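Novice: As numbered in full-length UniProt numbering, residues 1 to 753 make up the sequence shown, in order.
The hints are simulated quantities; they were obtained by calculation from the structure and are not laboratory data.
Treat the hints with caution; some may be incorrect.
As the list claims (entries may be wrong) - DSS-like mimics (lysine-lysine), calculated; alpha carbons at most 25 angstroms apart, straight line:
| id | residue 1 | residue 2 |
| --- | --- | --- |
| 1 | Lys637 | Lys616 |
| 2 | Lys339 | Lys313 |
| 3 | Lys316 | Lys616 |
| 4 | Lys616 | Lys649 |
| 5 | Lys420 | Lys339 |
As the list claims (entries may be wrong) - The calculated label-pair distances, taken between Cβ atoms and stated as ranges, are:
| id | residue 1 | residue 2 | range |
| --- | --- | --- | --- |
| 6 | Gly390 | Trp204 | 57 to 63 angstroms |
| 7 | Asp135 | Arg523 | 25 to 31 angstroms |
| 8 | Pro527 | Thr706 | 55 to 61 angstroms |
This structure is a prediction, so every number in the text was calculated from the model and none was measured.
Heads up, the beta-carbon is just placed ideally off N, CA and C, and yes, glycines get one too.
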Amino acid sequence: MQRVHVCAAIILCIAHACLSFENQTVNNNATKSESNDLKSMLNLVGNVTESLDTAKTDENHTQAQRNASEDGEQMNKETHGAKPGEFMISQELREVNSEQFSLNVLYVTHLKFVCLNLNLSDCPPLGLESLKVSDDQLESSSYLSVGLGPHRGRLNIQSGLEDDDEYDGAWCAGVEDQEQWLQLNALRPTLFTGVILQGRNSIWSLNWVRTYKVQFSNDSSVWQPCMNGSEEAVFVGNEDLETPVLALFPEPSVAQYIRINPQTWFSNGTICLRAEVLGCPVPDPDNPHFSETESGSSDDLDFRHHNYNEMRKLMKSVNDECPNITRIYTIGRSYTGLKLYVMEISDNPGKHELGEPEFRYVAGMHGNEVLGRELLLNLMQYICREYNRGNQRVIQLVKDTRIHLLPSMNPDGYEAAYEKGSELSGWALGRYSFEGIDMNHNFPDLNNIMWDAQEMAMDKRRVSNHYIPMPEYYTSTEALVAPETRAVISWMQDIPFVLSANLHGGELVVTYPFDCTRDWIPRQDTPTADNDFFRWLATVYASANLVMANPERRICHSEDFQQHNNIINGADWHTVPGSMNDFSYLHTNCFEITVELSCDKFPHASELPIEWENNKESLLLYMEQVHRGIKGVIRDKDTRAGIANAVIKVDGLGHDIRSAVDGDFWHLLNPGEYKITVWAEGYFPRIRHCSVGSEPRATICDFTLTKTSQDRLKQILASGGKIPRDNQVRIRAMRMRKLRQRGETGGRGGAPS
1 MQRVHVCAAI
11 ILCIAHACLS
21 FENQTVNNNA
31 TKSESNDLKS
41 MLNLVGNVTE
51 SLDTAKTDEN
61 HTQAQRNASE
71 DGEQMNKETH
81 GAKPGEFMIS
91 QELREVNSEQ
101 FSLNVLYVTH
111 LKFVCLNLNL
121 SDCPPLGLES
131 LKVSDDQLES
141 SSYLSVGLGP
151 HRGRLNIQSG
161 LEDDDEYDGA
171 WCAGVEDQEQ
181 WLQLNALRPT
191 LFTGVILQGR
201 NSIWSLNWVR
211 TYKVQFSNDS
221 SVWQPCMNGS
231 EEAVFVGNED
241 LETPVLALFP
251 EPSVAQYIRI
261 NPQTWFSNGT
271 ICLRAEVLGC
281 PVPDPDNPHF
291 SETESGSSDD
301 LDFRHHNYNE
311 MRKLMKSVND
321 ECPNITRIYT
331 IGRSYTGLKL
341 YVMEISDNPG
351 KHELGEPEFR
361 YVAGMHGNEV
371 LGRELLLNLM
381 QYICREYNRG
391 NQRVIQLVKD
401 TRIHLLPSMN
411 PDGYEAAYEK
421 GSELSGWALG
431 RYSFEGIDMN
441 HNFPDLNNIM
451 WDAQEMAMDK
461 RRVSNHYIPM
471 PEYYTSTEAL
481 VAPETRAVIS
491 WMQDIPFVLS
501 ANLHGGELVV
511 TYPFDCTRDW
521 IPRQDTPTAD
531 NDFFRWLATV
541 YASANLVMAN
551 PERRICHSED
561 FQQHNNIING
571 ADWHTVPGSM
581 NDFSYLHTNC
591 FEITVELSCD
601 KFPHASELPI
611 EWENNKESLL
621 LYMEQVHRGI
631 KGVIRDKDTR
641 AGIANAVIKV
651 DGLGHDIRSA
661 VDGDFWHLLN
671 PGEYKITVWA
681 EGYFPRIRHC
691 SVGSEPRATI
701 CDFTLTKTSQ
711 DRLKQILASG
721 GKIPRDNQVR
731 IRAMRMRKLR
741 QRGETGGRGG
751 APS
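The whole structure should be built from the sequences, with the hints applied where relevant.
Specialist: Laid out in structure tokens, this is it:
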């Protein structure tokens, strides 16, 4: 990529274009001495540029000096004649594609130069979509209603079900003319490099802006247009509601304020838009309120977006760094053949250890909801490094838990979204599989199978409430089931998972089963038998998440989840038949919740360190919940072998679980006293009372079962053994009783003598 260094002296003007630091002011009325000092400093631009380019060849070095000298002369002229509210950028910028160069910006502070080496294509979004930009920073010339105010003019914001309510899907001007504008106050000098525009989110109306202009200001009073050479730039906007359209400025400009000024709009609609602004904040050493860099994470992790190949390399690097506690395996392939990779983390990778619970995180079910993918890649790096550093919390977690991390369940969808980029993939590109399947509705709907059976049964207690088999239509090769979904189902069946979380994006809330309502009601609280524990699990994640726990945070779109403490029953939000959460609960022993990680489905890479810090404690704390409740091993009294598929029933709780292949089991329960009944085919049931404490340390509750007489005899005879003497005596006694009963019956029923 060609990189052209352009130096520009920029007068950073905060109040009416005055340059003021520590009572030193340069303005239009500056003294002759001050003016000469400023000119002298501007003439130093060539020298600064020369120092930046010493590593280049002699030819490039000579050209850089010549360009710098020309830029310095141009800046000298422009700065000398600057009007209040103006800011100057070298005219050289008009001749260079802003995607292909880095800009060295120099500005005056304390009568010194500060040089920034900025790659304009890397200037991040300022945060309208991610809510980094507050509502107070947005203003408009007018608005159609409160729900269409400037605070709603955020990229990808979603409206409520009804138009014209408090939470509509865009900013819409109250007047239809070319004087309307949406304004952002960046709160500090910022190098603005571009705008992304989108139409109004609505299922009832069609509104978008087709062309627009952009203006800048340092004081919100005097405005300068964005220029394209000698003419005011006019940018192309949208031709539909949802596709984001990027416009990079031909002349990036430093200012504090920016306005988007619509010029034309859809003929059958009105002026409505959603926007994101791209820009690089300019460090201001004289303002301690702003640091030169954004706050991030102290963890040295790979904070960037990883496509398929980069994800594989990162996982391989973690495995190389921690070969004793990690293992990479695949559970299947996507429709296009991309492998579904899983990272296993355990002190004995590759093996299920008796009594050790299995935990999983799944991310990327919707390929464009990418934060979960990056968090899991960060998590595997973090656990590996902290384990090697001797972090006792991490060591204990690895020692006591077998952890499985699936960072990308829908790699095909992710690649489609990744190709467009974080701000340009929109709200839905990459959500579905390559075949167009929404995997969050693609699992067997076992809820309605169970509910229908309960309604038809005379005794509802006899209806299975767990391990419900998949219907025949779903298992046929003709069923519309994504290969990714089938792979995950097989994974669930192969490993006795106890706890899981499904990581999504686009909201800030934690949901728990059931996700599907009864009778196809659009939304209704539909709890499981384990509702209290599911609420605990959801609360654990939400309360430790730094953004969810912030009572001052703004709602993402139209739902105020803070009134529910940032957790909600999935079906009470919106019904989702065929969800992975419900299937996991009804077909396996595994409890699973959904975590909506951020308002922005595809955060910019610059926001990933902050998002890691927001979620790090939640991710760790949630995994530790797998050790709550009771656990144990169910064994045969005679052989001491583990009994597989034994049913563990908690008195008063209408959802059972089953033991794994080795006879071990785990039942997640809140603190309390429980009556536990265990039974298995061919065995007498056994009852125990077990107490669960408040610490995340499961109570051991083992069971030993005795075979029924008939099954025990069958087992002995099948093995070719002899019947024990006590059993022989018992059998003779049983035969004598039967003969005696038969004789007594015959005597009573015979003819009189």
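Novice: For every hint, state whether the structure bears it out.
Specialist: Now the hints, each set against the structure:
1. Lys637 with Lys616: violated, 45 angstroms
2. Lys339 with Lys313: Within the cut-off at roughly 13 angstroms; holds.
3. Lys316 with Lys616: With Cα atoms ~22 angstroms apart, Lys316 and Lys616 stay inside 25 angstroms; holds.
4. Lys616 with Lys649: Distance of about 35 angstroms is beyond 25 angstroms: violated.
5. Lys420 with Lys339: holds, 22 angstroms
6. Gly390 with Trp204: 57 to 63 angstroms: holds, 59 angstroms
7. Asp135 with Arg523: 25 to 31 angstroms: holds, 27 angstroms
8. Pro527 with Thr706: 55 to 61 angstroms: violated, 37 angstroms
The structure does not agree with the numbered hints 1, 4, 8 stated previously, though it agrees with the rest.
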